[in-house]
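Protein chains in written order, with numbering that gives the first Met the number 0: chain B, 0 to 512; chain D, 0 to 512.
Derived from the structure by calculation, the hints contain no laboratory data.
Among the hints, erroneous ones may be present.
Since the list gives no way to pick one copy over another, a pair counts as held whenever it fits inside one copy or between any two copies.
Unchecked claim - Here are the simulated BS3-like cross-link-like pairs (lysine-lysine), alpha carbons at most 30 Å apart as the crow flies:
1) Lys89 with Lys476
2) Lys453 with Lys89
3) Lys6 with Lys245
4) Lys245 with Lys438
5) Lys288 with Lys89
6) Lys425 with Lys92
7) Lys453 with Lys425
Just so we're clear, the structure is a prediction, and the values are computed from it rather than from any experiment.
Number of protein chains: 2
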Amino acid sequence: MGKMRIKNLGFSSGQYLVVIDDSVAVELGVRPHERVKVSYNGREVVAIVNVARNIPGNVILANEDVIKELSVKEGDYVNIEPAPIPLSIKYIKDRLRGVRLSYDEVKAIVEDIVSGRLSEIELTALVTATHYLGMSIEEMYYFSKAMIETGEKLELNKKPILDKHSIGGVPGDKTTMIVVPIIASLGYIIPKTSSRAITSPAGTADRVEVLAPVELSIDEVREVVLKTNGCMVWGGALQLAPADDKIIQVEYPLAIDPFFVPSIMAKKGSVGATHVVIDIPVGRGAKVKTIGDGHYIARYFIEVGRRLGMQVVCALTYGEEPIGYAAGPALEAREALMTLMGKGPVDLIDKATNIAGMLLEMVGVRYGKETAMEALRSGKAEKKFREIIEAQGGDPNVMPEDIAIGNKKFTVYAERSGIVIWINNKAIAQIARLAGAPKDKGAGVLLHVKIGDKVKKGDPLFEVRAEVGYKLERAEKALEEMKPIGIGRPQEQMLISKIPYIIRHERMPIIER
Amino acid sequence: MGKMRIKNLGFSSGQYLVVIDDSVAVELGVRPHERVKVSYNGREVVAIVNVARNIPGNVILANEDVIKELSVKEGDYVNIEPAPIPLSIKYIKDRLRGVRLSYDEVKAIVEDIVSGRLSEIELTALVTATHYLGMSIEEMYYFSKAMIETGEKLELNKKPILDKHSIGGVPGDKTTMIVVPIIASLGYIIPKTSSRAITSPAGTADRVEVLAPVELSIDEVREVVLKTNGCMVWGGALQLAPADDKIIQVEYPLAIDPFFVPSIMAKKGSVGATHVVIDIPVGRGAKVKTIGDGHYIARYFIEVGRRLGMQVVCALTYGEEPIGYAAGPALEAREALMTLMGKGPVDLIDKATNIAGMLLEMVGVRYGKETAMEALRSGKAEKKFREIIEAQGGDPNVMPEDIAIGNKKFTVYAERSGIVIWINNKAIAQIARLAGAPKDKGAGVLLHVKIGDKVKKGDPLFEVRAEVGYKLERAEKALEEMKPIGIGRPQEQMLISKIPYIIRHERMPIIER
Numbered sequence: 000m001g002k003m004r005i006k007n008l009g010f011s012s013g014q015y016l017v018v019i020d021d022s023v024a025v026e027l028g029v030r031p032h033e034r035v036k037v038s039y040n041g042r043e044v045v046a047i048v049n050v051a052r053n054i055p056g057n058v059i060l061a062n063e064d065v066i067k068e069l070s071v072k073e074g075d076y077v078n079i080e081p082a083p084i085p086l087s088i089k090y091i092k093d094r095l096r097g098v099r100l101s102y103d104e105v106k107a108i109v110e111d112i113v114s115g116r117l118s119e120i121e122l123t124a125l126v127t128a129t130h131y132l133g134m135s136i137e138e139m140y141y142f143s144k145a146m147i148e149t150g151e152k153l154e155l156n157k158k159p160i161l162d163k164h165s166i167g168g169v170p171g172d173k174t175t176m177i178v179v180p181i182i183a184s185l186g187y188i189i190p191k192t193s194s195r196a197i198t199s200p201a202g203t204a205d206r207v208e209v210l211a212p213v214e215l216s217i218d219e220v221r222e223v224v225l226k227t228n229g230c231m232v233w234g235g236a237l238q239l240a241p242a243d244d245k246i247i248q249v250e251y252p253l254a255i256d257p258f259f260v261p262s263i264m265a266k267k268g269s270v271g272a273t274h275v276v277i278d279i280p281v282g283r284g285a286k287v288k289t290i291g292d293g294h295y296i297a298r299y300f301i302e303v304g305r306r307l308g309m310q311v312v313c314a315l316t317y318g319e320e321p322i323g324y325a326a327g328p329a330l331e332a333r334e335a336l337m338t339l340m341g342k343g344p345v346d347l348i349d350k351a352t353n354i355a356g357m358l359l360e361m362v363g364v365r366y367g368k369e370t371a372m373e374a375l376r377s378g379k380a381e382k383k384f385r386e387i388i389e390a391q392g393g394d395p396n397v398m399p400e401d402i403a404i405g406n407k408k409f410t411v412y413a414e415r416s417g418i419v420i421w422i423n424n425k426a427i428a429q430i431a432r433l434a435g436a437p438k439d440k441g442a443g444v445l446l447h448v449k450i451g452d453k454v455k456k457g458d459p460l461f462e463v464r465a466e467v468g469y470k471l472e473r474a475e476k477a478l479e480e481m482k483p484i485g486i487g488r489p490q491e492q493m494l495i496s497k498i499p500y501i502i503r504h505e506r507m508p509i510i511e512r
Numbered sequence: 000m001g002k003m004r005i006k007n008l009g010f011s012s013g014q015y016l017v018v019i020d021d022s023v024a025v026e027l028g029v030r031p032h033e034r035v036k037v038s039y040n041g042r043e044v045v046a047i048v049n050v051a052r053n054i055p056g057n058v059i060l061a062n063e064d065v066i067k068e069l070s071v072k073e074g075d076y077v078n079i080e081p082a083p084i085p086l087s088i089k090y091i092k093d094r095l096r097g098v099r100l101s102y103d104e105v106k107a108i109v110e111d112i113v114s115g116r117l118s119e120i121e122l123t124a125l126v127t128a129t130h131y132l133g134m135s136i137e138e139m140y141y142f143s144k145a146m147i148e149t150g151e152k153l154e155l156n157k158k159p160i161l162d163k164h165s166i167g168g169v170p171g172d173k174t175t176m177i178v179v180p181i182i183a184s185l186g187y188i189i190p191k192t193s194s195r196a197i198t199s200p201a202g203t204a205d206r207v208e209v210l211a212p213v214e215l216s217i218d219e220v221r222e223v224v225l226k227t228n229g230c231m232v233w234g235g236a237l238q239l240a241p242a243d244d245k246i247i248q249v250e251y252p253l254a255i256d257p258f259f260v261p262s263i264m265a266k267k268g269s270v271g272a273t274h275v276v277i278d279i280p281v282g283r284g285a286k287v288k289t290i291g292d293g294h295y296i297a298r299y300f301i302e303v304g305r306r307l308g309m310q311v312v313c314a315l316t317y318g319e320e321p322i323g324y325a326a327g328p329a330l331e332a333r334e335a336l337m338t339l340m341g342k343g344p345v346d347l348i349d350k351a352t353n354i355a356g357m358l359l360e361m362v363g364v365r366y367g368k369e370t371a372m373e374a375l376r377s378g379k380a381e382k383k384f385r386e387i388i389e390a391q392g393g394d395p396n397v398m399p400e401d402i403a404i405g406n407k408k409f410t411v412y413a414e415r416s417g418i419v420i421w422i423n424n425k426a427i428a429q430i431a432r433l434a435g436a437p438k439d440k441g442a443g444v445l446l447h448v449k450i451g452d453k454v455k456k457g458d459p460l461f462e463v464r465a466e467v468g469y470k471l472e473r474a475e476k477a478l479e480e481m482k483p484i485g486i487g488r489p490q491e492q493m494l495i496s497k498i499p500y501i502i503r504h505e506r507m508p509i510i511e512r
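Looking at chain B on its own, in the form it has when it is part of the complex:
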């Protein structure tokens, strides 16, 4: 094509991106989302083409990723020509047809995801196709391994390295904040990285952030772990398995996550974990509905772990109601701190000591759960927790009453007497989010009752906390049409759910293109 004048789009997106005029694309024989090679002064970069109108014919708009890579200045003349389609696109098309991929093919795809060489169309097609076709254990292993290899690693040069992960879905699950200090207090290393909330009222990173900074660099993380045996940090900026972060960006708006096994296992592999417990909450209101499905999924984690050289144990846990009583970053941080100080809810204590106990038994401790319980009861875990908080830059002397909770509130009362027979996890999460969580740290829901509790008409069921008035009102309004807690005798509330009208479509023969 020859020379074009480069103009800076003024932003950086982690992808090499250029925009050219319609007519230039036709002239080049390049279609939208195909690639061009842009070169300048001996440097070159392959960028994804966006086609637009109203751009002067001799101008190419480029984002800062391109500008920087080429060391070019706005107004300089660059050379532009069509670039061949990356091989990974061929593999993605194979995958769409149902072909199993080899490790080299998966690696090529993952490398191109990380380097931004795939367009959103191609990445979305990969994710959606995988949602329908599923993945073999082999492919999960390939994706995990490739994700680990294309990212940063936390090098501790120690063994064993313990870790845990919950597949999520249950509000109020602050188990990590109890498990990490228990394990670390017993002399084992547990470098825990967590995510922020996506659809829930709080992720572990949001909870911990109430008490200490969580956005550490990888060197800072290493320092904290070498000093205290543990950490509780946000994994998002560490570039551990960054392909995963790009895949999640596509999965999230579609509310599907076919890559969840490789996603989780890659994060564990990136911190060098050797012994891992995966928590799979099971139940009507959880992501996994039946114990059978839980066993099925567990097999994938265990097998993929084995191939990665990790020992994995899965814990199926009761997921039909929130863990403890609090949902929302500050409310949960406070509940976790109180639990470490000896005043915790029984379900949270049982879950955390079971998971910690499994980890301990994996590395040879004889009575895992009892040992974990002792670490908690004796105050060793609390002491370790405060050490970790301090090492991350928080106040080690923080007390529950120091934690600011939203001061706007309202309480929902029982409209009848009976037994709490169900709590709707999704409704609780939604109310907490409407009240401002996770952005407003002090917002959330505080339960007064759990499943099985007897209540009398007029008893408080839960309170909603917010920092901002209109958010409280918004939550209150939404509650008019929601029923987060069911009270009665089981026989009186027979309808569990209405199944939407879903029919598999007739299939047409797929024609070739």
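For this one, chain B is given, so just place chain D on it according to the hints.
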């Protein structure tokens, strides 16, 4: 959030698009591909959010679609706040789960496609999901209807209106250039819009463009049709069923087209067609491989047509080799012109008169094929063709020898004697494209033989034509590893194809997000 200074990205993309800094997105509580409402001086627009780095915190980058809609100038302060998720996204998520969509839901999706309110992720997920789930006849009808309603229409206020369409896949198919003048010469209206080549060496629009302009406005199209009864124009810029064009942009890089029935039917509906023949080429080298599949697909066209108030007849045609001898815009335009002038290949004449005949019989003509043949033989069709060419702005007196063919060429000769037992459509198309087609109008492939022909060792099989030397070389080089034409006795060439190793994956239970 409040006020932000707007900056112009400098291009228009048919979508409302803004780019904000990472930190601003977090502050707003908006994730990439979610939407914000941008308002200025009483006007507002809902735009899709792209998140980037290195943008000043008080700056929002917007494309020209946003700038224009708001009547805002660079540097002005606009208001920005999170916008609710369009309802169509919920319907797309339903569709991902396999739910059948109602007309209102489909309409909402199609409206949002046309107005650019869907992100590429959402549109790609819809397309990919439909590839796996298929579509019911009902949904094909809904999509067709919604696509028609959200686009321009060619209003002729006449009936009947005839039309034809080929689902494509066979190189050299210039049938339309024969059918349109035959029908129009007999006094029937046939406002034919066509596409340009996507993966083939020439689309009908590319072929016709050798002889006359094809990029007419809708008013110009109407004028040509009212004057001559017919037209042969490019449909791409007419905004007929524009949702289809956006869907194709996603289908193309993935090499899938689950929307092909509604895509085609919407284009026919947009020109007000009442009687339509759909050509379905069948055969090893065509898109549809078996006659059974052809019948199956035909049923969808016929039924969707019926619901749209159109009479549809489908023609299954022989698709195992190119139509006629020429592939490439100018070569094909020349072959079409010669056919109209009485010197055409038998397969092209047979195909065109059959299809024209079916159309004629649909509107009550008794001996359709014979009538069509007579119009061709008598020179009536040629006369009409020249009228249409003139009305579109071309030279009505053009002769075959006026058409410029690429003067760079090489010929491929038979390496053995025998019978031509197969011609690989894909290979012919690929060679023609490597030689420069469709961009270089004079490039392409000219066959010397067709299936069933006897050849002697050393006889010419086909020649490749190019306008540019390096493209000819590129085609020549590719031919070293390709075998476009098979010669022998059938028994001697038993291997038809190697089937790649495709296995359906084990399925995991799909977990909720």
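Here's how the hints hold up against the structure:
1. Lys89 with Lys476: For Lys89 and Lys476, only the inter-copy Cα distance (22 Å) is at most 30 Å; the intra-copy one is 50 Å.
2. Lys453 with Lys89: neither (60 Å within a copy, 38 Å between copies)
3. Lys6 with Lys245: Answer is both: 27 Å inside a copy and 27 Å across each meet the 30 Å cutoff.
4. Lys245 with Lys438: Intra 22 Å, inter 36 Å, cutoff 30 Å: intra-copy only.
5. Lys288 with Lys89: between (36 Å within a copy, 22 Å between copies)
6. Lys425 with Lys92: Between copies, since 17 Å is at most 30 Å while 36 Å is not.
7. Lys453 with Lys425: The answer is within: 22 Å in one copy meets 30 Å, while 73 Å across copies does not.
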